Amino acid sequence: MAPSAKGTVEDLAGRFGGADARKIADSTGVEERRLAPDGVCASDLCQEAGSRLLRELAWAPDSVDALVFVSQTADYALPATACGLQQRLGLAPSCAAFDVSLGCSGYVYGLWLAGALLQSRAARRVLLLAGDTMTRLVSPFDRATAPLFGDAGTATAIEGLPGGGPSWTFVLGTDGAGQAHLIVPAGRFRQASSEATRNRTEREGGNRRSDEDLFMDGAEVFAFTLREVPPLVASVLEQSGKTAADIDYVVFHQANQFMLRFLAKKIALPKEKVVLGLKQFGNTTCASIPLAMATELDARLMSGPATLLLAGFGVGWSWAAAVVECGPLSSIGCTVMES
Amino acid sequence: MGEPVGIIDQVLEVVAEIVEVDRAGLTEATVLAEIGWDSLAAVSFIAAADERFGKAVAPKRLATCVTVADLAAIIQQ
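Protein chains in written order, with our numbering: chain U, 19 to 357; chain C, 13 to 89.
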């Protein structure tokens, strides 16, 4: 589920100059981003996606045993947004509901949790909602982030099969030493909001942002990715007992096109197997993997089973990869939420 | 057989490609800030260092580079 309002390269040209805006778009691969209007939260996008999915699958709301909401843009400091979503989606009071505050790696962590819930028999049906409204955390005057991030909300329904379904393999990891490179430094409890933290000032490269805006050191993010993702992919392949040739599609977190193409080349993945879904949506953090699956692999996943390698990596640093058998799905698609 | 291309020459070539300037106009002393070196260029250099030289460049070290010679020093290290 994506908002209807768009941010375009032309809009950016007004702030950064036409040549720079084009250069950035050519590198990131982002031509358009979706912008949630004021008052629309990640949970609203996820709620719409979730309602629609439950309807299409004909799942009674009270048959959902667990709701996992992955987001870094929660409705409130407390309570957990998942609690409100349980009520708004009409799920039963017996439904377990909780938030997971992860970004780029969040969707794969959510799948891992959903799989663990099914395996433990704590749940038979899990609704995994992953979404963010990152454009709210981005300074429009920061060329490292403003041209890149978009808003989206997703819903994934996961059901345990009698006798167990196909096995899924996960590899997860964390290196908190990287937290300063991709962060909103102020506005919560470590550094509370103040006039000083809200004041946008000129920073590196002529970018203007406040300490309550997202900061991203692109070079550090790229170096982290080159260091961690190739071994992550090798490890999840090894643990699943598969090789790259057994994988039908690789869906990386849609960070930016330059990075994904470089990674694919470095890992020697065939170009046609690596899904790119950034052009119309940008980097939608935790929503980017399911959104790319819905926009780029919908027909394929509706028509039959596929072996997917999913890998999310970034803010934290946090990373997670999975090899999953997926499909044929009963429902998959991307819709626009009219404002 | 010609002389093998030295690291400096290869780095000059990489820098010319990244900032899209004529290689002939660059020397070791060229100041990066004067040829449009920016954060995208830094990312491209990390990629080129990995691909062509098998070097993992530390972004902190890269951020201290002022001239093309400084970039070459990272590769030669």
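These aren't lab readings, by the way, just hints derived from the structure by calculation. Bear in mind the structure is a predicted one, so any value in this text is a computation, not a measurement. It is possible that some hints are incorrect.
[As the list claims (entries may be wrong)] Just a sample of chain U residues kept apart from chain C, beta carbon distances all over 10 Å, derived:
#1 S45
#2 G108
#3 L131
#4 S211
#5 A237
#6 S253
#7 E314
#8 R318
#9 G322
[Claimed, not checked] Below 30 Å or equal to it, Euclidean Cα-Cα: the simulated DSSO-like pairs (lysine-lysine) are:
#10 K72(C) <-> K24(U)
#11 K72(C) <-> K260(U)
#12 K260(U) <-> K41(U)
#13 K41(U) <-> K67(C)
#14 K284(U) <-> K24(U)
#15 K297(U) <-> K41(U)
#16 K24(U) <-> K67(C)
#17 K283(U) <-> K67(C)
#18 K41(U) <-> K283(U)
#19 K41(U) <-> K72(C)
#20 K72(C) <-> K291(U)
#21 K67(C) <-> K284(U)
#22 K283(U) <-> K297(U)
Just so it is clear, CB atoms sit at the ideal spot from N, CA and C, and this is done for glycine as well.
Tested hints:
Separation of S45(U) from chain C is inadequate, the least Cβ-Cβ distance of about 6 Å not exceeding the 10 Å criterion. Here G108(U) stays apart from chain C, with its beta-carbon at least about 46 Å from theirs, past the 10 Å limit. The beta carbon of L131(U) sits about 32 Å from the closest Cβ of chain C, which is more than 10 Å, so the claim that it is off the interface holds. A cut-off of 10 Å between C-beta atoms confirms that S211(U) is not in contact with chain C; the least separation is 27 Å.
Annotated as non-interface, A237(U) brings its C-beta within 10 Å of a C-beta of chain C; the closest such distance is 4 Å. With a closest Cβ-Cβ approach of about 19 Å to chain C, S253(U) is found to remain outside the 10 Å limit, as its non-interface label requires. The claim that E314(U) lies off the interface holds: its Cβ sits roughly 24 Å from the closest Cβ of chain C, which is beyond the 10 Å cut-off. With a least CB separation of 30 Å from chain C, R318(U) remains clear of the 10 Å interface cut-off, as annotated.
Interface exclusion of G322(U) from chain C stands, the closest Cβ pair being 36 Å apart, more than 10 Å. For the proposed pair K72(C) and K24(U), the alpha carbon gap of about 35 Å is over 30 Å, so the pair is violated. The suggested pairing of K72(C) with K260(U) is violated, with an alpha-carbon distance near 37 Å, which exceeds 30 Å. Taking the CA atoms of K260(U) and K41(U), the gap is near 38 Å; set against the 30 Å cutoff, the hint is violated.
Under the criterion of a C-alpha separation no larger than 30 Å, the hint pairing K41(U) with K67(C) is consistent with the structure, at around 26 Å. The suggested pairing of K284(U) with K24(U) is violated, with an alpha-carbon distance near 33 Å, which exceeds 30 Å. Our distance criterion of 30 Å between C-alpha atoms is met by K297(U) and K41(U), whose separation comes to about 14 Å. As the CA atoms of K24(U) and K67(C) are separated by approximately 39 Å, the hinted pair breaks the 30 Å bound.
For a cut-off of 30 Å, the pair hint linking K283(U) to K67(C) stands: about 16 Å separates their Cα positions. Among the hinted pairs, K41(U) with K283(U) is consistent with the structure: their alpha-carbon atoms are about 22 Å apart, no more than 30 Å. Restraint check for K41(U) and K72(C): the C-alpha separation of about 24 Å stays at or below 30 Å, so the hint holds. For the suggested pair K72(C) and K291(U), the alpha carbons sit about 34 Å apart, so the restraint of at most 30 Å is broken.
The straight-line distance between the Cα atoms of K67(C) and K284(U) is roughly 13 Å, inside the 30 Å bound, and the hint therefore holds. At roughly 20 Å between alpha-carbon atoms, K283(U) and K297(U) fall within 30 Å of each other, so this suggested pair holds.
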